[in-house]
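**Student:** Model the placement of chain B on the given structure of chain A, informed by the hints.
Chains as they are written, first to last, in the numbering used here: chain A, 1 to 144; chain B, 145 to 288.
Treat the hints as calculated values from the structure; they're not laboratory data.
Anything over 10 Å on all C-beta distances counts as not near chain A; from chain B, calculated:
#1 S166
#2 G170
#3 P180
#4 D182
#5 Y183
#6 A185
#7 A199
#8 S208
#9 S211
#10 A215
#11 D220
Pairwise CB distance ranges, derived in the manner of DEER restraints:
#12 D198/B - R49/A: 48 to 54 Å
#13 P180/B - D54/A: 41 to 47 Å
#14 P164/B - A119/A: 36 to 42 Å
#15 N233/B - S46/A: 23 to 29 Å
#16 E214/B - N109/A: 19 to 25 Å
#17 G58/A - V192/B: 55 to 61 Å
#18 V48/A - S211/B: 46 to 52 Å
#19 P180/B - A68/A: 44 to 50 Å
#20 Q27/A - R201/B: 56 to 62 Å
#21 A264/B - A68/A: 32 to 38 Å
#22 K203/B - S46/A: 51 to 57 Å
#23 T149/B - G51/A: 31 to 37 Å
#24 R85/A - N233/B: 23 to 29 Å
#25 D198/B - A71/A: 51 to 57 Å
Yeah, the Cβ is synthetic: ideal placement off N, Cα and C, and Gly gets one too.
There are 2 protein chains.
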Amino acid sequence: MMSRTAEYALRAVVWLAAHPDSAVTGQALAAATQVPSDYLAKVMQSLVRAGLVDAQRGKNGGFSLVSAPEALTILDVINAVEPVRRIRNCPLGLPGHEALCPLHRSLDNIAGQLEDAYAAIRLADLLRTAGVQPLCAVAEAPHA
Amino acid sequence: MMSRTAEYALRAVVWLAAHPDSAVTGQALAAATQVPSDYLAKVMQSLVRAGLVDAQRGKNGGFSLVSAPEALTILDVINAVEPVRRIRNCPLGLPGHEALCPLHRSLDNIAGQLEDAYAAIRLADLLRTAGVQPLCAVAEAPHA
Numbered sequence: 001m002m003s004r005t006a007e008y009a010l011r012a013v014v015w016l017a018a019h020p021d022s023a024v025t026g027q028a029l030a031a032a033t034q035v036p037s038d039y040l041a042k043v044m045q046s047l048v049r050a051g052l053v054d055a056q057r058g059k060n061g062g063f064s065l066v067s068a069p070e071a072l073t074i075l076d077v078i079n080a081v082e083p084v085r086r087i088r089n090c091p092l093g094l095p096g097h098e099a100l101c102p103l104h105r106s107l108d109n110i111a112g113q114l115e116d117a118y119a120a121i122r123l124a125d126l127l128r129t130a131g132v133q134p135l136c137a138v139a140e141a142p143h144a
Numbered sequence: 145m146m147s148r149t150a151e152y153a154l155r156a157v158v159w160l161a162a163h164p165d166s167a168v169t170g171q172a173l174a175a176a177t178q179v180p181s182d183y184l185a186k187v188m189q190s191l192v193r194a195g196l197v198d199a200q201r202g203k204n205g206g207f208s209l210v211s212a213p214e215a216l217t218i219l220d221v222i223n224a225v226e227p228v229r230r231i232r233n234c235p236l237g238l239p240g241h242e243a244l245c246p247l248h249r250s251l252d253n254i255a256g257q258l259e260d261a262y263a264a265i266r267l268a269d270l271l272r273t274a275g276v277q278p279l280c281a282v283a284e285a286p287h288a
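This is chain A alone, in the form it adopts within the complex:
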């Protein structure tokens, strides 16, 4: 299950990937992705800190992707803002019990499958689908 923060980060990154020709201001990005601008600012900070997004100040400044959409996966974006929680140790947290019980081992296996599913989708895959806009078409509205 994906957090709101991760979903917002993906909207922003997909938008940047679909508009590679110039940097996009935070304001324009917030409008295009329909994310509250304060919230988006925090998300973008995390993406910059993780090295996925470049932020240029000044005139013609704004956000742009550091890597090509072929080189980025959904998992990269999620890991930058809110990684899938894996269960490495007993969540009951008492010392001396390091093996996971069947419940927590099963849940961690599924969390691993979730990571794999996210890692299998590159941003480029989300741009190439024929006939459908990256992000819902409505995201173009602020530019119309």
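**Tutor:** Chain B only, in chain A's frame:
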């Protein structure tokens, strides 16, 4: 990614499944699962409301599972407390745009795979694993 609430619900239900002979008080269940008792009380309310757990008042009262562990899956428990969020409509929420873009369609596909993975594991599967306690062995400690 699983919420804390869902994980707590699973601890409780697995514990009840592993101790079918008598009803378990909220206090004993909180101790066994290491979940704060106020938090657990809310989780148990949801499980009772969903018809997964029976709550008997009075002496010898407490919580017990309504169904056999063979008839319950992890997904049933998650759905009772905090279902996997599916994306049925464009999250950008403007009217007239009902088709999902590639990003949100991909995320919803993965959410569906997550539901399938949870649905494939019955509570009984979590009890039968040889040599490991259901829930980490430490959960037995309060009874020692």
